[in-house]
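Sequences listed follow chains X and U, in order. The numbers in UniProt numbering rise by one with no breaks, and the one at position 383 of the first sequence is 383. The numbers in UniProt numbering rise by one with no breaks, and the one at position 292 of the second sequence is 292.
In case anyone wonders, no lab produced these hints; they're calculated from the structure. Ideal Cβ positions, reconstructed from N, Cα and C, are used throughout, including at glycine. Hints may contain errors.
[Stated by the list, open to error] Heads up, simulated DSS-like pairs for lysine-lysine below, C-alpha to C-alpha not over 27 Å straight-line:
| id | chain 1 | residue 1 | chain 2 | residue 2 |
| --- | --- | --- | --- | --- |
| 1 | U | 185 | X | 411 |
| 2 | X | 67 | X | 100 |
| 3 | U | 468 | U | 398 |
| 4 | U | 461 | U | 399 |
| 5 | X | 411 | U | 25 |
| 6 | X | 205 | X | 162 |
| 7 | U | 326 | U | 399 |
| 8 | X | 399 | X | 162 |
| 9 | U | 468 | X | 411 |
| 10 | X | 41 | X | 30 |
| 11 | X | 411 | U | 461 |
| 12 | X | 41 | X | 399 |
| 13 | U | 398 | X | 399 |
| 14 | X | 341 | X | 100 |
| 15 | X | 341 | X | 67 |
[Said to hold, decoys possible] Here are the simulated distance ranges between beta carbons:
| id | chain 1 | residue 1 | chain 2 | residue 2 | range |
| --- | --- | --- | --- | --- | --- |
| 16 | X | 221 | U | 149 | 50 to 56 Å |
| 17 | U | 334 | X | 383 | 34 to 40 Å |
| 18 | U | 287 | X | 348 | 42 to 48 Å |
| 19 | X | 14 | U | 287 | 56 to 62 Å |
| 20 | X | 186 | U | 192 | 40 to 46 Å |
| 21 | U | 447 | X | 14 | 37 to 43 Å |
| 22 | U | 411 | X | 250 | 53 to 59 Å |
| 23 | U | 235 | X | 14 | 24 to 30 Å |
| 24 | U | 428 | X | 383 | 41 to 47 Å |
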Amino acid sequence: MTREENDYAPLKLHVPEPPVRPGDTPTFDKFEVPEAGSVRKPPIDTDFDDIRDLGFDIIRVLDDEGKAVGPWAEDISDEQLQAGLRAMMRTRAFDERMLKAQRQGKTSFYIQCTGEEAIATGHQLALRQGDMNFPTYRQQGLLLAQDMDLGRMMNQIYSNEKDELRGRQLPVLYSFKEEGFFTISGNLSTQYIQAVGWAMASAIKGDTKVASAWIGDGATAEGDFHTALVFASVYKPPVILNVVDNQWAISSFHGIAGAESSTFAERAHGYGLPSLRVDGNDWVAVYAASRWAIERARRGHGPTMIEWVTYRAGAHSTSDDPSKYRPKTEHEAWPLGDPIKRMKQHLIARGLWSEERHTQAEAQYADEMREAAIEAESNGTLHDGPGPSAAEMFEQVYKDVPPHLRRQRQKMGI
Amino acid sequence: MPTPLLMPALSPTMEEGTLAKWLVKEGDTVSSGDIVAEIETDKATMEVEAVDEGKIGKILVQEGTENVKVNQPIAVILEDGESADDIDMDALGGGEAPAKQEAESQSDDSDEDEGEDDNGSAETGDLPTRPDFTASADIEIPEGTKMIETVVRDALRDAMAEEMRRDEAVFVMGEEVAEYQGAYKVTRELLQEFGDRRVVDTPITEYGFAGLGVGAAFAGLKPIVEFMTWNFAMQAIDHIINSAAKTRYMSGGQMGCPIVFRGPNAAAARVAAQHSQDYSPWYASVPGLIVIAPYSAADAKGLLKAAIRDPNPVVFLEHELLYGDKGEVPDMEDFVLPIGKAKIVREGTDVTISSHSRGVMFALAAADMLAEEGISAEVIDLRTLRPLDHHTVVQSVKKTNRLVTVEEAWAPMGVGAEVAWRVVQEAFDYLDAPPARVTQEDAPLPYAANLEALSLPNADKVVAAVKKVMYLDK
């Protein structure tokens, strides 16, 4: 064939682009929202092949009127629902207080989870004591849902004298072993395979504890995500593989992580793993789906991936300005709404809540956070107070302090 | 003249403190840098180091004494030939709390007591050096213990099998470790004895099963993760360093990672650049890790057992070309060696050769060749690279005045560079020549047999380096 006979067009690279950018009118018209209550609830010992459709559909319980409908709405008590709303409201109040503290220079950095409160709080309330989360930095709801001591969290954020991590970790990269909250890994995604390892250990030991792994849509591109799925598929350990698709990895919309081509839940199918796709802004759906997957794991039926469909309503972190890459009002156009507003509507519809009580609760939680912050600040903040003990800088590098580290400490005169 | 050992200041503002504990007794020999006592203030506990070398002639302040003033003499150190009678208490300007025992009552045989190491060969450390880590104290091999000739591969296997019998939490995983009995047969018959719950074949992803093992260790198990070679563990290095080594620290001590990563390291035969790298300096530079690289079968067994018992993450660097080498391993119930202690494997007086792993073989062969020329070389096997027992090398150099380091890695930033720096730091005045190093040439390892041989260290190269530091090269 001669050069002239070549009728191929020059190749072009496809770079995914979000449908809108700053200045455009926000739209989610390509995002299909199934009707609440329309997705079936299979038995927990189901084979993945029988529920492939659940990796495309979206499990939703709360309808537009705030009514809980369908099979996933069953068997949830009033107390559980009220605990869910309370946990979400306190999580949001905590974020608001800590954002303020960052703006005041009391800490260098903070990460909020606004709009995603239902996911971690709902999941946590379905777990049991002794289970272990391997979270990312946006799952503070796991702690707030179990009424974690606020001062212990805030002392870490302020990196003050009482910081249990002794000034060694970035703000919000907490470690709370007793509370089932594993050390957050700053380099993303390593926790995913480690959670599978933790769950394998539970099975090797003959325990009944489960692990819950967390990852964002962006970090699913990391190798850890895929190796975790391989190992979960091979050994079937008791682990929940959560993917929080909040549409944005800093400025990269989820299409950059491959979401144009498939759902994240769908990827589990290639590994022979069952998956659910769930409305992450519907607390009742979050709680019901979590409870299903956790029970499945604890009964020895193996792992489940859950894709939580949500939207990151706030900035990625205090170092980020999202108005530079997405329309400012995009979160208002998000079709799954705000999780707290939807839960409030539901509880009012059930006669368990009122506008008045909601307003009171908002004020009460804001007060609670302010008081906790003042208390924590009395131990010091980033630039104020003595800070963590210098003498402890050389501790816990190893289980026992080796002589060469003692000598280094000695040379520093501390 | 007797030298007073003074109460040190831990900070610019400290005026007095408690003498919490003596780690030496009268009559003990100490050298500069040895820890002799622990002192406390309300803020911290610190160790007191001997500044000079000599013998503890008299302890002036008993342990447990509070409010000891800074710069008050707390003990007296005697040089060679001096006795406690030479101590002039008035001249020292202190000593209001005299020792209960007279120095004379101490016998002088303590040197002999501490001069033996685990295998019976002499250790330079005639000082009560404490092991840097907690795994075990030095062990004595009872007289009459049967020595069994064992290849390194089986010594490693036996170590794992014994520890798995001893502790249910120990399990091994990796590629080909179960059905195939290990790519190099190091896990031979473990599957048959312990079953597939504790001897686990994994999918082919070092990154994956390293992370998996780290997770299992976080859950309280004690995984032994076998890498088919450390070359394949490059992709696993993130889990080893960022997670295994750092999590205890970052979590404020909440989450420890008791795990052993093991497998063959460095050059094998004719497997080229991607299968022939020595990672000793890479891992040995990371705080939070323990790094062990044994040479002999006995050390392989005793140190792997110690590694499995250690609460910290351990990188255990084996050598494919040593797996078939035989050595005497004591037939003992519990043969566990101390981590962080070097060993003098051959005594000598003219030059010190420090090495680890297969480098020790070159060093020993070179020592034989040198002996024929009337040169007496002392060979030290570092055994553990982190923590590095440079004291043993320093002591040796003080005797021989010359140092050659041998390793299979590339030279820049290497183990030999670190050893030489520490020796220069602590024994500069004893050196009669700049230390010399034998390393791999600074290029990826070629495949061709002639090029491979040119690139790697060997006994001839060690001999040449020794002659250089002895100014015998032409």
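Here is what the structure says about each hint:
no., hint, in the structure
1, U/185 x X/411, "47 Å, violated"
2, X/67 x X/100, "35 Å, violated"
3, U/468 x U/398, "18 Å, holds"
4, U/461 x U/399, "23 Å, holds"
5, X/411 x U/25, "25 Å, holds"
6, X/205 x X/162, "35 Å, violated"
7, U/326 x U/399, "31 Å, violated"
8, X/399 x X/162, "21 Å, holds"
9, U/468 x X/411, "36 Å, violated"
10, X/41 x X/30, "26 Å, holds"
11, X/411 x U/461, "39 Å, violated"
12, X/41 x X/399, "47 Å, violated"
13, U/398 x X/399, "33 Å, violated"
14, X/341 x X/100, "23 Å, holds"
15, X/341 x X/67, "13 Å, holds"
16, X/221 x U/149: 50 to 56 Å, "53 Å, holds"
17, U/334 x X/383: 34 to 40 Å, "53 Å, violated"
18, U/287 x X/348: 42 to 48 Å, "56 Å, violated"
19, X/14 x U/287: 56 to 62 Å, "45 Å, violated"
20, X/186 x U/192: 40 to 46 Å, "43 Å, holds"
21, U/447 x X/14: 37 to 43 Å, "41 Å, holds"
22, U/411 x X/250: 53 to 59 Å, "42 Å, violated"
23, U/235 x X/14: 24 to 30 Å, "28 Å, holds"
24, U/428 x X/383: 41 to 47 Å, "43 Å, holds"
In summary, the structure is inconsistent with hints 1, 2, 6, 7, 9, 11, 12, 13, 17, 18, 19 and 22 from the numbered list given earlier, while agreeing with the others.
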